[in-house]
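Take the given structure of chain G and dock chain X to it, following the hints.
There are 2 protein chains.
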Amino acid sequence: MLRLRRRKRSGSDKLRIIPLGGLGEIGKNMMIMEFGEDMIVIDTGLMFPEEEMLGIDYVIPNINFLKQNKHKLKAIIITHGHEDHTGALPYILAELPVPVYATRLTQGFLSLKLKEHKLLNKTEVHTVQPGEKFTVGKFTVEFFSVCHSIPDAAGLIIETPIGTVVHSGDFKLDYTPVDGKGSKFSRLAELGSKGIMLLMSDSTYIEIPGYTPSETVVAENLDQIISGAPGRVIITTFASLVSRLQQVLYVASKHNRRVAVAGKSMTEVVKIAQSLGYLKAPEGIFCRLDELPSMPLNKIIILTTGSQGEPTSALVRIANRDHKFIQIMQGDTVIISASTIPGNEALVNRTIDNLFRQGANVIYDKLTRVHVHGHGSQEELKLLISMVNPRYFMPIHGEYRHLVLHGRLARSLGVPENNVFIMDNGAILELDRNSARIAGQVEAGNVYVDGISVGGVNNVILRDRQLLSRDGIVLIVVAVAKRGGHIVGEPDIMSMGFVDAREVEKMTDKWRQIVIKALSQDGDKPLEVGYIQVKLKEVLGKYFHQQTGRRPLILPVVMEV
Amino acid sequence: MLRLRRRKRSGSDKLRIIPLGGLGEIGKNMMIMEFGEDMIVIDTGLMFPEEEMLGIDYVIPNINFLKQNKHKLKAIIITHGHEDHTGALPYILAELPVPVYATRLTQGFLSLKLKEHKLLNKTEVHTVQPGEKFTVGKFTVEFFSVCHSIPDAAGLIIETPIGTVVHSGDFKLDYTPVDGKGSKFSRLAELGSKGIMLLMSDSTYIEIPGYTPSETVVAENLDQIISGAPGRVIITTFASLVSRLQQVLYVASKHNRRVAVAGKSMTEVVKIAQSLGYLKAPEGIFCRLDELPSMPLNKIIILTTGSQGEPTSALVRIANRDHKFIQIMQGDTVIISASTIPGNEALVNRTIDNLFRQGANVIYDKLTRVHVHGHGSQEELKLLISMVNPRYFMPIHGEYRHLVLHGRLARSLGVPENNVFIMDNGAILELDRNSARIAGQVEAGNVYVDGISVGGVNNVILRDRQLLSRDGIVLIVVAVAKRGGHIVGEPDIMSMGFVDAREVEKMTDKWRQIVIKALSQDGDKPLEVGYIQVKLKEVLGKYFHQQTGRRPLILPVVMEV
Numbered sequence: 380m381l382r383l384r385r386r387k388r389s390g391s392d393k394l395r396i397i398p399l400g401g402l403g404e405i406g407k408n409m410m411i412m413e414f415g416e417d418m419i420v421i422d423t424g425l426m427f428p429e430e431e432m433l434g435i436d437y438v439i440p441n442i443n444f445l446k447q448n449k450h451k452l453k454a455i456i457i458t459h460g461h462e463d464h465t466g467a468l469p470y471i472l473a474e475l476p477v478p479v480y481a482t483r484l485t486q487g488f489l490s491l492k493l494k495e496h497k498l499l500n501k502t503e504v505h506t507v508q509p510g511e512k513f514t515v516g517k518f519t520v521e522f523f524s525v526c527h528s529i530p531d532a533a534g535l536i537i538e539t540p541i542g543t544v545v546h547s548g549d550f551k552l553d554y555t556p557v558d559g560k561g562s563k564f565s566r567l568a569e570l571g572s573k574g575i576m577l578l579m580s581d582s583t584y585i586e587i588p589g590y591t592p593s594e595t596v597v598a599e600n601l602d603q604i605i606s607g608a609p610g611r612v613i614i615t616t617f618a619s620l621v622s623r624l625q626q627v628l629y630v631a632s633k634h635n636r637r638v639a640v641a642g643k644s645m646t647e648v649v650k651i652a653q654s655l656g657y658l659k660a661p662e663g664i665f666c667r668l669d670e671l672p673s674m675p676l677n678k679i680i681i682l683t684t685g686s687q688g689e690p691t692s693a694l695v696r697i698a699n700r701d702h703k704f705i706q707i708m709q710g711d712t713v714i715i716s717a718s719t720i721p722g723n724e725a726l727v728n729r730t731i732d733n734l735f736r737q738g739a740n741v742i743y744d745k746l747t748r749v750h751v752h753g754h755g756s757q758e759e760l761k762l763l764i765s766m767v768n769p770r771y772f773m774p775i776h777g778e779y780r781h782l783v784l785h786g787r788l789a790r791s792l793g794v795p796e797n798n799v800f801i802m803d804n805g806a807i808l809e810l811d812r813n814s815a816r817i818a819g820q821v822e823a824g825n826v827y828v829d830g831i832s833v834g835g836v837n838n839v840i841l842r843d844r845q846l847l848s849r850d851g852i853v854l855i856v857v858a859v860a861k862r863g864g865h866i867v868g869e870p871d872i873m874s875m876g877f878v879d880a881r882e883v884e885k886m887t888d889k890w891r892q893i894v895i896k897a898l899s900q901d902g903d904k905p906l907e908v909g910y911i912q913v914k915l916k917e918v919l920g921k922y923f924h925q926q927t928g929r930r931p932l933i934l935p936v937v938m939e940v
Numbered sequence: 380m381l382r383l384r385r386r387k388r389s390g391s392d393k394l395r396i397i398p399l400g401g402l403g404e405i406g407k408n409m410m411i412m413e414f415g416e417d418m419i420v421i422d423t424g425l426m427f428p429e430e431e432m433l434g435i436d437y438v439i440p441n442i443n444f445l446k447q448n449k450h451k452l453k454a455i456i457i458t459h460g461h462e463d464h465t466g467a468l469p470y471i472l473a474e475l476p477v478p479v480y481a482t483r484l485t486q487g488f489l490s491l492k493l494k495e496h497k498l499l500n501k502t503e504v505h506t507v508q509p510g511e512k513f514t515v516g517k518f519t520v521e522f523f524s525v526c527h528s529i530p531d532a533a534g535l536i537i538e539t540p541i542g543t544v545v546h547s548g549d550f551k552l553d554y555t556p557v558d559g560k561g562s563k564f565s566r567l568a569e570l571g572s573k574g575i576m577l578l579m580s581d582s583t584y585i586e587i588p589g590y591t592p593s594e595t596v597v598a599e600n601l602d603q604i605i606s607g608a609p610g611r612v613i614i615t616t617f618a619s620l621v622s623r624l625q626q627v628l629y630v631a632s633k634h635n636r637r638v639a640v641a642g643k644s645m646t647e648v649v650k651i652a653q654s655l656g657y658l659k660a661p662e663g664i665f666c667r668l669d670e671l672p673s674m675p676l677n678k679i680i681i682l683t684t685g686s687q688g689e690p691t692s693a694l695v696r697i698a699n700r701d702h703k704f705i706q707i708m709q710g711d712t713v714i715i716s717a718s719t720i721p722g723n724e725a726l727v728n729r730t731i732d733n734l735f736r737q738g739a740n741v742i743y744d745k746l747t748r749v750h751v752h753g754h755g756s757q758e759e760l761k762l763l764i765s766m767v768n769p770r771y772f773m774p775i776h777g778e779y780r781h782l783v784l785h786g787r788l789a790r791s792l793g794v795p796e797n798n799v800f801i802m803d804n805g806a807i808l809e810l811d812r813n814s815a816r817i818a819g820q821v822e823a824g825n826v827y828v829d830g831i832s833v834g835g836v837n838n839v840i841l842r843d844r845q846l847l848s849r850d851g852i853v854l855i856v857v858a859v860a861k862r863g864g865h866i867v868g869e870p871d872i873m874s875m876g877f878v879d880a881r882e883v884e885k886m887t888d889k890w891r892q893i894v895i896k897a898l899s900q901d902g903d904k905p906l907e908v909g910y911i912q913v914k915l916k917e918v919l920g921k922y923f924h925q926q927t928g929r930r931p932l933i934l935p936v937v938m939e940v
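Residue numbers (this note's numbering), protein chains in the order written: chain G, 380 to 940; chain X, 380 to 940.
Derived by calculation from the structure, the hints in this document are not laboratory data. Careful: at least some of the hints might be erroneous.
The list cannot tell twin chains apart, which means a pair is met if one copy fits it or any two copies do.
[Claimed, not checked] Under the rule of at most 25 Å between Cα atoms (straight-line distance), these lysine-lysine pairs were calculated in the DSS-like manner:
| no. | residue 1 | residue 2 |
| --- | --- | --- |
| 1 | K861 | K517 |
| 2 | K497 | K921 |
| 3 | K393 | K453 |
| 4 | K745 | K761 |
| 5 | K512 | K563 |
| 6 | K650 | K492 |
| 7 | K451 | K393 |
| 8 | K393 | K573 |
From a predicted model like this one, the values you see are computed outputs, not experimental measurements.
Extracted from the complex, chain G is given alone in its bound form (with noise of 0.2 Å):
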């Protein structure tokens, strides 16, 4: 008896960790852990569309095992504000309303976004301040502080039955931040004496040697910059990074600018870290942008959003003359404050090269340090695995390549080769007090999300897209007779994204003759819709591909009249 209510007992015995993600990036958008009937999950997020994901607005991470799983699911707890971290919530609370745990400026940028899903109210959301615990199921977590590039980022000390785990979250070290909370790794320290069992670290900055500049460095850039420029100070930079918003007011101040908040989302985040304590705004160093042309240029701040070069930006539009307030003057300077994220080269440099044009000068990353990045490099990285010293090692939030670099990294200082796991999304890793190891895989993968519809798009609507793009389309219309299916009247064509109009038309006469020639030399045999439609796409394929080198897709509408 003893014996069996042992073996019951090791199947719930065991800790599972699954990443899921959407795209390259490997449990970066969510992480699942399980312990016996008791389910968490670390963030929801949401990544952009690569180019051949045509017309797709996200990608959210597949969740259909957590919705086998709902009975089990108790908690959504969410590290810090920023979209590939929270970006799903929406998505998956609509499906699996349960608790959310986040800091209070993480709460309050989740906040805007439940409301405007109208999730708000049927939403139980916890404020967690860190250091302080909380109970869920099997497992009492406690976030820690740790720097990134929004402020209330927090890292997750998880106690399970069987060990504690740690998640890094998104990191870097900073010793000397803007808002004064370093990453609070002293916990850490303790708990690393103590003995822990896994831990979970970021690996998107494993590639860079040395350490991350502090955040404070680019404000004695900035203070240079607007103390030496003649006449406005244009600043762009990401709406979320709320310490450089800060950075902007404080140096502003100290010059005697004013500050003019342009753009949407650098508005609703100026509103919401103001009233939440997160942003300290000296009196009336805020002003409108009506006041503007009022005021001597040299006291001019503006705080806008376009750092990605996105098309309905402010900075975009003020790049190509077609803001409603904002025109660039000789004696303007722009500051891109910002990295430019993968994919959006193109449209940043346009935009800089138009600013440059209207004859402002432009400064940005790569001449004068304006943006530091909010993940931690090698050196952190090693500080961190030193400090936990954990048994097992699970490097989290890169693409493949940066779990195996970062992996190395742990073995490197002594972590054993066999304990690094370098997963993959889905890939279930299970612990008991023992041992651990790769055991299966769940479902994972991209979901589509376009219009109002979450999955409705898949790899075949991607495929049409992709056709439809690549040479457009051309229709052609024959109406048939029902009786002896000869054709009745002249086939018509119309086409998109192919030729010239003009082109179409001369040609029409050839593919009429093709198209007549086709369907005739069966003879007195009455012709089927079925073979029409194949033999249509055959002859006019061939004829278009001679003449012109693309291959349209073909879609022959055939009437029976």
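Relative to chain G, chain X alone:
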């Protein structure tokens, strides 16, 4: 009469220089020089399409201005064999058959291209030795050797009736090049002391401080990696980077490894570079791919295409376990000895990730310096300007911001503010003996190559492709009676790239109802085809947007029966 003659001559006493290019780069793909009745063109390059240019193969410069001046055009001069300086040549020669001048290896590369377009026999190609002078019309041209990421690259010294013009080509300094041929700046120093009217110089890497490292730096790192590699070494680089191929052969020979070549373009370049004496292969160094299975793993180097993650390249096939002869095995080392061309990041990263997934150790430029680029950094650009000491300066080969920064650099070195000309493509710089000014603009811009058509795809077609790619297309087929205009039979629907076929099915009853209601509301009045089309677009557009949040293109096909 004397006055009259002078006035007449003054018009033709002017030198006009016009940069042309596709996309954002200025004067990179093509440069026109005109003096009186003589015109020469420097380089005829193409650009690869940007993300939004759906289905486009290449972008080439608009040559309408050249066509209008066909009678003046005396020569095309090619500085080096890269696609962005040569790729448009077949398209241009097809319209403007003029003699081409290039160095020996460049000519070798050009002949591959011309052969493919069946232009080789029709084209007069002159091989030019650096240091040699030749005259076309009023221009006397001398090539001087420059180092770049392809051998036999050249800059130009062009004597015109009103002064000497120097065109840098694409260059870096490199005191220790692999082929022993450094940039021949001594010739420029000599000329500089005599007075040079205009310098046009490569701005590509103006953002980078210091000096670009020498190509031989890569050799040391390759040597170290290969000597420590436990198994096979697979190396990819740009096929045209012959000096890199040379280094691989040297290192292979040193470590008693043999080299197999995979990929069409790599095979072609090895053949041509070897036959022209630009690639020196130690006896017996090459082996065939099918010999590999019988060779010891640590005696193998595979030189392959795929440095940009091109989907059909050998390396990508290997990474996807899709190559006929080569599969990754434990102990393989893969070296990506190339930088990633902007826009290809996602493809390259995916390839690296997949190679790691299969157990290869992948070494790429972020980890070790296994690549150096081919353009001079700030100190090299300074050296050129100082040595040439030009009266006028025109930064070229870069996007607008690069030209602005390069212009600033020239001013900081003493070129007067008003003598620096930041041009856009199509702008005319007009010089006479005493002055220079921007004097108007010729037609410029992107010409799209798609299939066999040059220029046949215009912005309307591209916009249609974008619309089609976003939410797909819905086709609604309605038959109406010729007499009376009422609907005959049931309307039918087809869609592509919009929603899943089953979803359309589900909506059938509803949209049919909407169509019938929309077309019957006007009572007895006969319906016109135009009206039906507009009406259907409106009501169905509204309905599908409500249902899906998407806006597919709606194409009503109305047949009168």
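Against the structure, the hints come out as follows:
1. K861 x K517: neither (70 Å within a copy, 74 Å between copies)
2. K497 x K921: between (53 Å within a copy, 23 Å between copies)
3. K393 x K453: So K393 and K453 pass the 25 Å test inside one copy only (17 Å; across, 80 Å).
4. K745 x K761: The answer is between: 18 Å across copies meets 25 Å, while 27 Å in one copy does not.
5. K512 x K563: within (15 Å within a copy, 70 Å between copies)
6. K650 x K492: within (15 Å within a copy, 60 Å between copies)
7. K451 x K393: within (15 Å within a copy, 82 Å between copies)
8. K393 x K573: So K393 and K573 pass the 25 Å test inside one copy only (21 Å; across, 83 Å).
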